[in-house]
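Participant: Top to bottom, those sequences are chains L and C.
With this note's numbering, you'll find the first sequence wraps up at 168, consecutive numbering, no jumps.
With this note's numbering, you'll find the second sequence wraps up at 1168, consecutive numbering, no jumps.
A few of these clues could be false.
Below 16 Å or equal to it, Euclidean Cα-Cα: the simulated EDC-like pairs (lysine to aspartate or glutamate) are [claimed, not checked]:
{"hint": "1", "chain 1": "C", "residue 1": "K1003", "chain 2": "C", "residue 2": "D1022"}
{"hint": "2", "chain 1": "C", "residue 1": "K1003", "chain 2": "L", "residue 2": "D22"}
{"hint": "3", "chain 1": "C", "residue 1": "K1003", "chain 2": "C", "residue 2": "D1018"}
{"hint": "4", "chain 1": "L", "residue 1": "K3", "chain 2": "L", "residue 2": "D18"}
{"hint": "5", "chain 1": "L", "residue 1": "K3", "chain 2": "C", "residue 2": "E1155"}
{"hint": "6", "chain 1": "L", "residue 1": "K3", "chain 2": "L", "residue 2": "D22"}
Rather than coming from a laboratory, the hints here were simulated on the basis of the structure.
What follows is each chain in one-letter form.
2 protein chains.
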Amino acid sequence: MKKTRFDRWPCPVARAVDQAGDAWTLLILREAFYGQRRFDQFEEALGIGRNILARRLERMVENGLLERVPYQPRPLRHEYQLLPRGRALFPVLMALLRWGNDWAAGPEGPPVTLVDRRTGQPVQPVLVDEATGHPVTPERVRARPGPGFPGALLEEEPVRRRFRLTTP
Amino acid sequence: MKKTRFDRWPCPVARAVDQAGDAWTLLILREAFYGQRRFDQFEEALGIGRNILARRLERMVENGLLERVPYQPRPLRHEYQLLPRGRALFPVLMALLRWGNDWAAGPEGPPVTLVDRRTGQPVQPVLVDEATGHPVTPERVRARPGPGFPGALLEEEPVRRRFRLTTP
C-alpha cells in the first residue's frame, strides 16, 4: 500500500509525523535512548520482524535520525547511533510516556517512570513555554501561520477559518 | 496486514504508541484541536480517503480519545468531540510541532507557530520536570521500572541491563 507523504505539507506537525509518526519508528527510537545500537539488539528488544526493522532503520538513516557507523572491520558490522535530529525527538517520547502513565496504566500503577540521574527524585514531564514557564495547553495557546506558510493558501477561506483570521 | 498491538507491553511509551502512534490518528487529533468535528471537515482538511478516515475515527472512539455525539436529529448526523483522554495528547502534538519547526522547516522559516491567546506573544514549547522546572533531557533523566512493571521480567538479564540494575 502506498503511504501518504506529509513532508511537504505546510505544517510542522505533519512534517514531524512523516518522519516519526509510525509505531515502530517511535519504539526503535525508544530503544536507541535506552542505549541499544545494533540490529540484533533492536530485534530482540522489540520482537520485530527483520525485514520491517531493516526498512525502518533505512528510512531513519535517510531522514538523518540515525547514523550507520562501522564498529568492527571483519566481518564488517555496523551499528546505529542517534544523530542530533533523532535526539531532538526525545520530548515526543517523553510526552507519550507521560500520557501512557496517566491514561493507560492499570490499577497496579505506571510500568516505567522517570528519575533525575543525579538526585534520584521522580521526574514528571510537563510542557511549558520556554520564556514564561506557563503550561502549554489548548486553552492557552493557538496556532498561527508562520513565515514559511505559503501566502497563496492564506487567501483560502477554510485556511482562514482554521487560523481564525478575519476575512478582509 | 495484521498490526502488532503494543497495548499490553509493560511500557507507557508502547501503550501510548498503540493508541496514538499512527500518522493519520495524529493528524486527525491535530484537526480536532483546530476545532474540526465532522467527518466531512476531517476529510476535506486532510485529503484522507473516506474508508481510512472511518476506520481511524472508529478506533479513536473505541479508545476513548473521541466521543461520537449526535448534532442533528433528521437526518441523524454525528460529530466527533475530543474527550479528556484525547485532549491529554496535546503535549505529544506540541512536541511534534516544535520538532517540525526546529528540524524540518525550509529556509523560509516555520510554517506554523504558536502564540499565547491572551498576550499574543510567541510560545516555544519545552519539556520540563513539573516539580523542579529542569529541562527533561536524556542526559538528565533515566527510566526505571515502576510499580506496574511485572516482577518476573525484572529477573531477566536483558531487562536488568536496560534499566542498569546491578545484578544481585
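Participant: Now, for every hint given, state plainly whether the structure supports it.
Facilitator: Results for each hint:
no.: 1; hint: K1003(C) - D1022(C); in the structure: holds (11 Å)
no.: 2; hint: K1003(C) - D22(L); in the structure: holds (12 Å)
no.: 3; hint: K1003(C) - D1018(C); in the structure: holds (10 Å)
no.: 4; hint: K3(L) - D18(L); in the structure: holds (10 Å)
no.: 5; hint: K3(L) - E1155(C); in the structure: violated (41 Å)
no.: 6; hint: K3(L) - D22(L); in the structure: holds (11 Å)
When the structure is compared with the earlier hints, a violation turns up for hint 5 alone.
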